[in-house]
Amino acid sequence: MIEFHLDPSSGVATYVQLVQQVHQALQLGMLEPGDRLPTAQQVVASLAINPNTVLKAYRDLEREGLVRARPGLGTFVVGQLPRTDPASQARFRRSMSDWLRKARTAGLSPDEIEAIYRTAFRDLFNEEGVA
Amino acid sequence: MNTVLERPVVEAHGLGKRYGRRWALSACDLSIPAGRVVGLVGPNGAGKTTLLHLAVGLLPPSAGTISVLGGEPGGSTEHLARIGFLAQESPTYARLTVAQHLQMGQWLNPQWDADFARTRVEELGLDPRQRSGTLSGGQRAQLALTLAVAKRPELLVLDEPVAALDPLARREFLQTLMEVVAVHGVTVVLSSHLIADLERVCDYLVVLVTGRVALTGEVDELLASHHRLTGPRRETGRLSGVGNVIEESHVERQTSLVVHSDGPILDPAWAVTPITLDDLVLAYMKQARDGRVASTHGLAVAQ
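First to last, the sequence lines map onto chains A and B.
Note that my numbering numbers the first sequence so that position 83 is 83, with each residue one more than the last.
In my numbering, each residue's number is its place in the second sequence (first place is 1) plus 1000.
Hints listed in this document are in silico derivations from the structure and should not be mistaken for laboratory results.
Each hint should be verified, as a subset may be incorrect.
Partial list, computed: chain A residues near chain B (C-beta under 10 Å) [what the hints assert, rightly or not]:
1) V12
2) T14
3) A40
4) S46
5) I49
6) A120
7) R122
8) L124
Anything over 10 Å on all C-beta distances counts as not near chain B; from chain A, calculated [unchecked claim]:
9) Q20
10) N52
11) S95
12) T105
Built from N, CA and C at the ideal position, the CB exists for glycine as well.
Can you make the complete structure from the sequences, with help from the hints?
In structure tokens:
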């Protein structure tokens, strides 16, 4: 079982935050097929959010084929997301650190570096039509 | 879980209320779908309490019509039994004990759910023999909510239910309320002058400013269709391709906008960021107060 958290200042819709947290839990292996998600009642009783929000998130996950609702029993994980290989994660992190150090040496401030990263990130995912 | 009714739970056409010469509410059109948690937001004096009192039949309209659960508010005892109302400051009878409040609820309400009321009082850790006048603000609000819910209404109307509560009591009150919605599928309309109180719990929003509806719609749709744009300075007359401008501000070299647009913003000169519900509501409040645009009522009521 996982526990949801909310970041009210993120500007990301609450149901999207719930969907993303299930995605992350699947990617990190914290959730596996057969596991039960918390019931809507459990989620709203802890987060004080609208139950429709929880149901909307669960419907989205069901459409993606990741979970299935079993009436009277709960919502269960049935699918998996490709887990990123930890070695390749580490490799990208290293090359990112190299890049950051180079930017620092070139005299860029942390804010400038972040702005470059954000712009490049947005451009890439806009091209792919994901954002 | 939710009864999806064909007809809206609250429907108002040209609704207005006048006190003497002053219109507290005017030209109000509303259509609130069933099974929602509706946030009624607006500055103090915007007409929120007036609208809620019209909805529960405590006040007759001066103009237009309002229909609640398909009938005239307060039209009959049967109709009243279908609506739960919690007035501002969660009034209870100070000299009566918790148990006496439940007893009274049972006498006065045909559908009274005594099991729910008793269980809830236990869960809250309230002593049935304690007089309500000696309860804390949070406990009193929870008792009043328990009474309103145990009546088993189809519509629960709450006027500024958390305004007087400290942050912990506020959170606990909303947790209880959301649990009730999850289990019983009741439609809720609650008012507040603070959007932060409502942001988590509401899926539908009505913004009132100076007696008029400034904005209404599904929270998710509102968030998805509004953006904050920042870019190089542009003159007011030369803003095109950005959708409907709700708020604009210009400094020497920069222009920032809050816009309503269903499609993507294509002009690459703008940096597009999502907007928080708080900022969105404030933008509409400012727009309505300054009277720039009569009303932005364009968001359809999605079912």
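Here is what the structure says about each hint:
Among the interface hints, the one on V12(A) holds; its C-beta lies about 7 Å from the nearest C-beta in chain B, closer than the 10 Å criterion. Checking T14(A) against chain B by beta carbon gives a least distance of about 7 Å; that is within 10 Å, so the hint holds. Checking A40(A) against chain B: minimum C-beta separation of about 5 Å stays under 10 Å; hint holds. Proximity of S46(A) to chain B holds as hinted, the smallest CB-CB distance being about 7 Å (cut-off 10 Å).
Interface hint status for I49(A): upheld, as the beta-carbon distance to the closest one in chain B is roughly 5 Å, under 10 Å. Against a cut-off of 10 Å between C-beta atoms, the interface hint on A120(A) is violated, since the closest Cβ of chain B lies about 13 Å away. Taking 10 Å as the C-beta cut-off, the interface hint given for R122(A) holds, the closest approach to chain B being about 8 Å. Violation of the interface hint for L124(A) is found here, the shortest Cβ-Cβ separation to chain B being roughly 14 Å, above the 10 Å cut-off.
Every C-beta of chain B lies more than 10 Å from that of Q20(A), the closest at about 14 Å, which supports listing it as non-interface. For N52(A), the requirement that its beta carbon stay farther than 10 Å from each beta carbon of chain B is not met, with the minimum near 5 Å. Distance check for S95(A) against chain B: the nearest CB is about 27 Å away, which clears 10 Å, and the non-interface claim stands. For T105(A), the condition that its CB be more than 10 Å from all CB atoms of chain B holds, with the nearest at approximately 27 Å.
Checked against the numbered hints above, the structure breaks hints 6, 8, 10 and satisfies the rest.
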